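If you read the sequences in order, they're chains A and B. Each residue of the first sequence is one higher than the one before, counting from 1 in my numbering. Each residue of the second sequence is one higher than the one before, counting from 1 in my numbering.
If you are wondering where the hints come from, they were derived from the structure by calculation, not from laboratory data. These numbers were taken from a predicted model, which means no experiment stands behind them. We put the CB at the ideal spot given by N, CA and C, even for glycine. Hints may be right or wrong, so weigh each one.
[As the list claims (entries may be wrong)] Covered stretches of chain A, as calculated for chain B (at least 3 residues, CB under 8 Å):
{"hint": "1", "stretch": "86 to 97"}
{"hint": "2", "stretch": "179 to 185"}
[What the hints assert, rightly or not] Partial pick of chain A residues on the chain B-facing surface, computed with a CB cut under 8 Å:
{"hint": "3", "residue": "Lys-55"}
{"hint": "4", "residue": "Thr-196"}
{"hint": "5", "residue": "Ala-249"}
{"hint": "6", "residue": "Gly-253"}
{"hint": "7", "residue": "Leu-321"}
{"hint": "8", "residue": "Leu-337"}
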Amino acid sequence: MPIRPYAAARRHLSITDKLYEVNWGLVLLITIIAGVGIAMQYSVAGGHWDPWASKQLVRFIIGFVMMIVAAMVDIRVWMNIAYPFYAVSLVLLLGVEAMGMAHLGAQRWISLGPLELQPSEPMKIAIILALAKFLHGQSVEDIAKPGRLLIPLIMIGMPAVLVAMQPNLGTTIIIALDGCALLFLAGLSWWWIVPTLTAMAAAVPVAWRYVLHDYQKARVMTFLNPESDALGAGWNITQAKIAVGSGGAAGKGFLEGTQSRLNFLPEKQTDFIWTNFAEEFGFVGCTAMLILFAVVLGYGVQIAMSARSQFGRLVAMGVSLNFFFYIMINGLMVTGLIPVVGIPMPLISYGGTAMLAVMFGFGLLLSVHVHRQVEIPRHSTGII
Amino acid sequence: MPLFDRKDKSRYASFTRRTLMLSGAMGGIFAVLGARLYQLQILNGHEYLEDAEHNRISQRFIFPPRGRIFDRFGVELASNRRNYRVVIVQEQASPSVEAVLDSVAKIIQIDPDKKQRVLHDIAVNKKFAQVPIVENLSWEEFARVSMHLPYLPGVQTDIGETRAYPYLAEMSHVLGYVAAANQKDLDKDNDPLLAQPGFRIGKRGIEKQYDSEMRGGAGASQVEVNAYGRVIRELDAKPSSPGKDVWLTLDCQLQRYAEERLGDESAACVVMDTATGDVLALASSPGYDPNLFNVGISTTAWNELLHNDHKPLLNKALSGSYPPGSTFKPAMALAAYDNGLADLQVFCSGSVTIGNHTFHCYKKGGHGHVDLRRGIQVSCDVFFYEVARRLGIDKMEAAARALGLGAQTGIELPGENSGFIPSAGWKLARYGVPWQLGDTISAGIGQGYVVVTPIQLCTMAARIASGKALVPRIAHVVGSRFQPQPMPGALPFSPEAFAAVRDGLNAVCNEPGGTGYAWRITEPGFEMAGKTGTAQVRLISKQEHDAGVRKNESLPWNLRDHALYFAYAPAGSPRYACMVMMEHGAVGSHPHVQMARDILLFAQRRDPVKLPTAYPVRAAEDHREGEG
Numbered sequence: 001m002p003i004r005p006y007a008a009a010r011r012h013l014s015i016t017d018k019l020y021e022v023n024w025g026l027v028l029l030i031t032i033i034a035g036v037g038i039a040m041q042y043s044v045a046g047g048h049w050d051p052w053a054s055k056q057l058v059r060f061i062i063g064f065v066m067m068i069v070a071a072m073v074d075i076r077v078w079m080n081i082a083y084p085f086y087a088v089s090l091v092l093l094l095g096v097e098a099m100g101m102a103h104l105g106a107q108r109w110i111s112l113g114p115l116e117l118q119p120s121e122p123m124k125i126a127i128i129l130a131l132a133k134f135l136h137g138q139s140v141e142d143i144a145k146p147g148r149l150l151i152p153l154i155m156i157g158m159p160a161v162l163v164a165m166q167p168n169l170g171t172t173i174i175i176a177l178d179g180c181a182l183l184f185l186a187g188l189s190w191w192w193i194v195p196t197l198t199a200m201a202a203a204v205p206v207a208w209r210y211v212l213h214d215y216q217k218a219r220v221m222t223f224l225n226p227e228s229d230a231l232g233a234g235w236n237i238t239q240a241k242i243a244v245g246s247g248g249a250a251g252k253g254f255l256e257g258t259q260s261r262l263n264f265l266p267e268k269q270t271d272f273i274w275t276n277f278a279e280e281f282g283f284v285g286c287t288a289m290l291i292l293f294a295v296v297l298g299y300g301v302q303i304a305m306s307a308r309s310q311f312g313r314l315v316a317m318g319v320s321l322n323f324f325f326y327i328m329i330n331g332l333m334v335t336g337l338i339p340v341v342g343i344p345m346p347l348i349s350y351g352g353t354a355m356l357a358v359m360f361g362f363g364l365l366l367s368v369h370v371h372r373q374v375e376i377p378r379h380s381t382g383i384i
Numbered sequence: 001m002p003l004f005d006r007k008d009k010s011r012y013a014s015f016t017r018r019t020l021m022l023s024g025a026m027g028g029i030f031a032v033l034g035a036r037l038y039q040l041q042i043l044n045g046h047e048y049l050e051d052a053e054h055n056r057i058s059q060r061f062i063f064p065p066r067g068r069i070f071d072r073f074g075v076e077l078a079s080n081r082r083n084y085r086v087v088i089v090q091e092q093a094s095p096s097v098e099a100v101l102d103s104v105a106k107i108i109q110i111d112p113d114k115k116q117r118v119l120h121d122i123a124v125n126k127k128f129a130q131v132p133i134v135e136n137l138s139w140e141e142f143a144r145v146s147m148h149l150p151y152l153p154g155v156q157t158d159i160g161e162t163r164a165y166p167y168l169a170e171m172s173h174v175l176g177y178v179a180a181a182n183q184k185d186l187d188k189d190n191d192p193l194l195a196q197p198g199f200r201i202g203k204r205g206i207e208k209q210y211d212s213e214m215r216g217g218a219g220a221s222q223v224e225v226n227a228y229g230r231v232i233r234e235l236d237a238k239p240s241s242p243g244k245d246v247w248l249t250l251d252c253q254l255q256r257y258a259e260e261r262l263g264d265e266s267a268a269c270v271v272m273d274t275a276t277g278d279v280l281a282l283a284s285s286p287g288y289d290p291n292l293f294n295v296g297i298s299t300t301a302w303n304e305l306l307h308n309d310h311k312p313l314l315n316k317a318l319s320g321s322y323p324p325g326s327t328f329k330p331a332m333a334l335a336a337y338d339n340g341l342a343d344l345q346v347f348c349s350g351s352v353t354i355g356n357h358t359f360h361c362y363k364k365g366g367h368g369h370v371d372l373r374r375g376i377q378v379s380c381d382v383f384f385y386e387v388a389r390r391l392g393i394d395k396m397e398a399a400a401r402a403l404g405l406g407a408q409t410g411i412e413l414p415g416e417n418s419g420f421i422p423s424a425g426w427k428l429a430r431y432g433v434p435w436q437l438g439d440t441i442s443a444g445i446g447q448g449y450v451v452v453t454p455i456q457l458c459t460m461a462a463r464i465a466s467g468k469a470l471v472p473r474i475a476h477v478v479g480s481r482f483q484p485q486p487m488p489g490a491l492p493f494s495p496e497a498f499a500a501v502r503d504g505l506n507a508v509c510n511e512p513g514g515t516g517y518a519w520r521i522t523e524p525g526f527e528m529a530g531k532t533g534t535a536q537v538r539l540i541s542k543q544e545h546d547a548g549v550r551k552n553e554s555l556p557w558n559l560r561d562h563a564l565y566f567a568y569a570p571a572g573s574p575r576y577a578c579m580v581m582m583e584h585g586a587v588g589s590h591p592h593v594q595m596a597r598d599i600l601l602f603a604q605r606r607d608p609v610k611l612p613t614a615y616p617v618r619a620a621e622d623h624r625e626g627e628g
């Protein structure tokens, strides 16, 4: 790899250059997926823009603008503000503990004047930025040192514990997965990875006994045997499977789904939106959708590999993997392969903060792509 | 140190390797997802489709019949009657809800307001919910719609129940009304019934006070629905539990007479049994027709009620607060008698100067020599200025509170105002200004900071008449529960003091010169004893005092003084206490005293407390269960 002089990395890109450099194919894919999401919101409301589809459209437009603006910002700027952004997100999470209002029995929302914010969403992005910045400064040998490794583990642990206290198991898992994936990509030694995984497997019974809430245990139990409680907690799983399965090969057609709309499913517009899609568009539609998701992820991997800075590579992969973890957990959950945890399908489920967080993540990915030629020395803190 | 070194190169290689590993893992997960979807949708698709077809068990609510309201003689004041209604189910309406509504509008009248409401209800409810289009149809209209049903997809007719108030506005302030729950109600109350379209809850009066008792419990019917949500058959039903009936202490006839006598004036009247404190009539005029709220009041009708200067939505008997004026003097007289002022003699010259302020008597020339009895009879202000000056605010406050003023009486109705009796400490705390002697003097004739409600004044009348600490009470039986009827306690006044004040009140009405003599009850044995009062609405300037205070008749209605009057009868052995308040009614002909006179005469002739009541002896639900 040729070593470029630092000055070349400061090559000035005008806004026009940057707009030209944006990966518009990826933007188009994202728009198509979000469009499908809005159509689903329209469908579960029984063919009405209210109450979900119209709001979702507005949020997508805001998110879209945010994505493009984020793409225009130099990645060294993102690197500069990574720690402050992380700190603010952490304070907001603490705020939720202190003064958040109860929502669905869990403390997840914070009121900032007229805005209601779910601070666990920006935290997913903040953890990626902050870890990418930290790991950017570490060589493979550095990360193997226990003293160095402790820092990113604390950075992951603090928000994970706060989110787990809300309690919000799904987001805790996502934050932990995002963090671990970045450590893995930064070159964490297998000598750390293998024993840790072994220890975690051993810890499962302990967690079951002392850590999980009753409702979380109930979800796992009903997952293992949904028919035992077919009208209670097993209801969701059974109904979700019926809705997905009844879609068949070609689906029942747009607006023709009955299972989700007849309110057999709770949270039909949020976590279980995929069931409605599967029912209306069948196996063909689902496969097409999975391919769309896969292509988006492919773009993410390609962008990560072509970036010249470790920070850019880590951010690009972090954002892509974050998107992937959402799809994985939600997809496996609604098809009854894992227990129900509150994770939405990105870009498709109804929800404001989640939509904005995902779009902002794509903005970062595009920024990495636009500034892929920028090189940042290992010991630089990102200052331009 | 070079900017980039070997370590960078090695970690880039490692990154690329591991990214490819993760990509492979992602691909693997996608393959798992795809395989699972293949299994669910292709391999087992038919089974799940069949499950979906059978997945049609839906829960429907069965509304409980709302408890009825009776008066003491078993007259139904609020009941439920058959409600012929037309409902629409969005899922079945074709081509659109609007088009179907327009077709319905060709058969029966639907106003545009109503149409908007239906569209709104449809938007917020589930697609298979029955949303009422019109309710309370006549049989003829109902039959007409039923005949056209085959041409009205999505429209159904059904017979429900609706609240009926046979006495319209006459009972409105006691009974209140029912209406659909609003967002605030839904936030406060978790009962799933509240969110059902067409369900009504109590919003005011007794309907609100005993809403949870009268509401009853929802029943549920498990129904099988087809793919469009239409009910195919009922599988299982759990009957609703009916709401509990409420029996009031009111006498419907006396109540109606009182309402009739108040007419269109902005006035309130309370009649109480002086033996028990049971409220026999509680009227506030003007009223409103509670039936209007039942099906949703129109905006015009609501605005009319809201902006009427006679305030028809306000229960003035409980929620209106007024300076008591001279009706406060008997309370002062009681305190005076027991505090060594029984033999107080005052010379009234028409005004008295205390400190550097001149206090006027309402009679310009003065009353001359006045003692306690004559002070009450002619309502001499100067006499009570002196009483107040000697008693001091602490003793005055204690006496007023002992008679039930300045605190909620605790009657079983929502929205009761507590009135206010000032104290020296309150003024300092509230305004940071010490209590002045002048404040005491004004309070002595029921002005200044003193405000009371009509129900408090009626309670005071009953307490003076009986000498016991009676508490007003309006509900006797709620469901199976008899409302507590505590023994009235003693009052901190001596029997001699009561005797002297009653003598004075008797003189007001039944001796020439008394302020109520012109409007006395002349029928022997029915005489009343009472006290008039005027509550000043405007400030009277010094110039006006000197030039002569303007007569109320010459003022616009809303600047005239409020007129108050309480009385009990028969004067010798009281059975009924009555209070009439007329807003801006202080004119020479004392219409409010005439109202009270007629109402008390009617009450004595009818004598409801001597008639046998029809209260249920056994528990109401036991009775119903016995029937079923």
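Results for each hint:
{"no.": "1", "hint": "86 to 97", "result": "violated (count 0)"}
{"no.": "2", "hint": "179 to 185", "result": "holds (count 3)"}
{"no.": "3", "hint": "Lys-55", "result": "14 Å, violated"}
{"no.": "4", "hint": "Thr-196", "result": "16 Å, violated"}
{"no.": "5", "hint": "Ala-249", "result": "6 Å, holds"}
{"no.": "6", "hint": "Gly-253", "result": "13 Å, violated"}
{"no.": "7", "hint": "Leu-321", "result": "7 Å, holds"}
{"no.": "8", "hint": "Leu-337", "result": "6 Å, holds"}
In this structure, the hints that do not hold are numbers 1, 3, 4 and 6, in rising order.
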